[in-house]
Amino acid sequence: MTRTIWDSSVGKKTVMAVSGLIMLLYLVVHMLGNLKIFFGSGEFNHYAHWLRTIGEPFMHYEWTLWVIRVVLLVAVIAHATSAYQLSRRDIKARPSKYVHKRPRASYATRTMRWGGIILGLFIVWHILDLTTGTVHPGFESGRPYQNVVDTFSTWYGNVIYIVAMLALGLHIRHGFWSAAQTLGVGSRTRDRALKTIANVLALVLTVGFISVPVAVMTGVVS
Amino acid sequence: MKLTLRVWRQKNADAEGAMSTYEVDGISSDMSFLEMLDTLNEELILKGEDPVAFDHDCREGICGACSLVINGDAHGPERTTTCQLHMRSFKDGDTIDIEPWRASAFPVIKDLVVDRSAFDRIIQAGGYITAPTGTAPEAHATPVPKPDADYAFEHAECIGCGACVAACPNGAAMLFTSAKINHLNVLPQGAPERESRVLDMVAQMDDEGFGGCTLTGECATACPKGIPLMSITNMNREWLRATRKAGKR
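Just so you know, the protein sequences line up as chains A and B, in that order. In terms of UniProt numbering, the first sequence has 28 at position 28, counting the first letter as 1, and numbering is strictly consecutive. In terms of UniProt numbering, the second sequence has 9 at position 9, counting the first letter as 1, and numbering is strictly consecutive.
Derived from the structure by calculation, the hints contain no laboratory data. Hints may be right or wrong, so weigh each one.
Here are the simulated lysine-lysine pairs, DSS-like style, with alpha carbons at most 27 Å apart [to be verified]:
id : chain 1 : residue 1 : chain 2 : residue 2
1  : B       : Lys-248   : A       : Lys-195
2  : B       : Lys-2     : A       : Lys-101
3  : B       : Lys-225   : A       : Lys-97
4  : B       : Lys-91    : A       : Lys-101
5  : A       : Lys-97    : B       : Lys-110
6  : A       : Lys-101   : B       : Lys-146
7  : A       : Lys-101   : B       : Lys-225
8  : B       : Lys-146   : B       : Lys-225
9  : B       : Lys-225   : B       : Lys-91
10 : B       : Lys-146   : A       : Lys-97
11 : A       : Lys-92    : B       : Lys-110
12 : B       : Lys-225   : A       : Lys-36
13 : B       : Lys-91    : A       : Lys-92
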């Protein structure tokens with residue numbers, strides 16, 4: 001059955017849909033957790049520490065976090081690999097363009113591929129910036145509140161983050177609805193509800209994530 | 001009406017093609033688009049030039065033979081087939097771009113004619129039902145609920161013209177394949193091959209080199225018969241169901 005799924009264009013789309021929904025679920029939790037920054041450094045840092053102790057004493061320190069990380073890593077790889085292979089197939093299936101050009105599809109639909117690449121690069125930067133601190137001069141492990149304020153005190157930190165979050169909103173807007181179609185749960189009666197959920201998710205996640213750099217820039221969080 | 005036509009000319013499958021410009025005069029707004037091309041071809045033949053090759057058959061909008069991407073739209077600006085498109089949709093002095101369907105699974109044979117036999121092979125893979133031949137069966141022997149009959153008919157309207165593939169930025173044949181699958185899968189007559197039909201036809205579709213669906217909706221917008229985009233959703237559901245069932249066996 002695995003072979004059937006991976007060999008088929010419909011099956012690969014299923015992989016994209018499922019991995020995308022896993023990441024989307026994570027993003028909702030991640031965004032809500034980020035909002036704790038508005039309650040001050042004590043609560044935010046305590047929350048960050050709690051993330052490492054979830055499931056104790058059954059789970060060892062950071063085990064739950066690592067389980068989540070592995071699931072996400074698998075989801076990202078599955079999503080990107082199937083996106084790459086499907087895109088290759090799509091481009092090969094339509095090698096010559098029409099001479100007469102006309103605007104096609106919505107902005108969110110047309111930017112799925114570029115948006116996805118931007119998001120992939122962002123994830124790498126985001127981890128190097130706020131998890132490992134590799135590209136973050138003055139990074140202090142165990143002090144996430146200070147690190148976040150530090151990142152959003154630089155112009156490039158804000159630009160990278162805000163651009164990526166706008167790309168995320170567009171990606172989710174088309175991606176969530178598309179996932180529903182791929183998994184066959186869309187129908188005429190549900191279409192409006194699915195499109196509304198997609199738009200609300202896109203808007204709430206984008207606004208929620210961007211509120212943090214905006215708060216640092218305006219001095220609400222410092 | 002006087003028109004400027006820019007038409008894709010290509011001698012054969014292996015030749016390089018290019019857009020050629022022609023002027024046509026004396027076009028009536030009551031003419032169909034194909035009659036306008038007939039007028040052009042008569043002039044070309046009189047001048048001793050090679051007429052423009054294009055596909056056509058019934059000219060009633062029901063056979064699926066005609067094609068043409070007109071000003072970037074499959075079957076032109078109206079939601080109908082090219083043969084049922086009339087010159088009243090254009091203005092005197094217009095420049096009209098005419099191109100063949102573009103997809104690697106639909107190679108150009110000559111000028112505006114493409115090879116659509118990939119569709120035939122998708123049908124051969126499962127677009128049929130197993131039924132005893134002979135005299136016509138008693139019409140009421142197999143009851144079909146009215147909503148199912150309507151649903152089947154909506155999809156049976158597909159004439160297999162390939163406009164969905166031409167309009168799709170990925171050259172995907174999902175709308176065609178889903179129309180054929182949904183048409184038969186909902187009916188009791190199609191039930192015995194319900195799973196193998198969707199698995200085999202989707203596999204054949206992939207083998208023919210069509211692209212995948214990114215849900216841009218271009219196909220359903222171009223379809224002269226109004227096959228809905230949701231048809232693809234239903235095919236995906238059928239495919240997942242069949243894959244799950246095949247996995248259990």
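**Broken hints, by number** = Per hint list: 1, 6, 10, 12, 13 violated.
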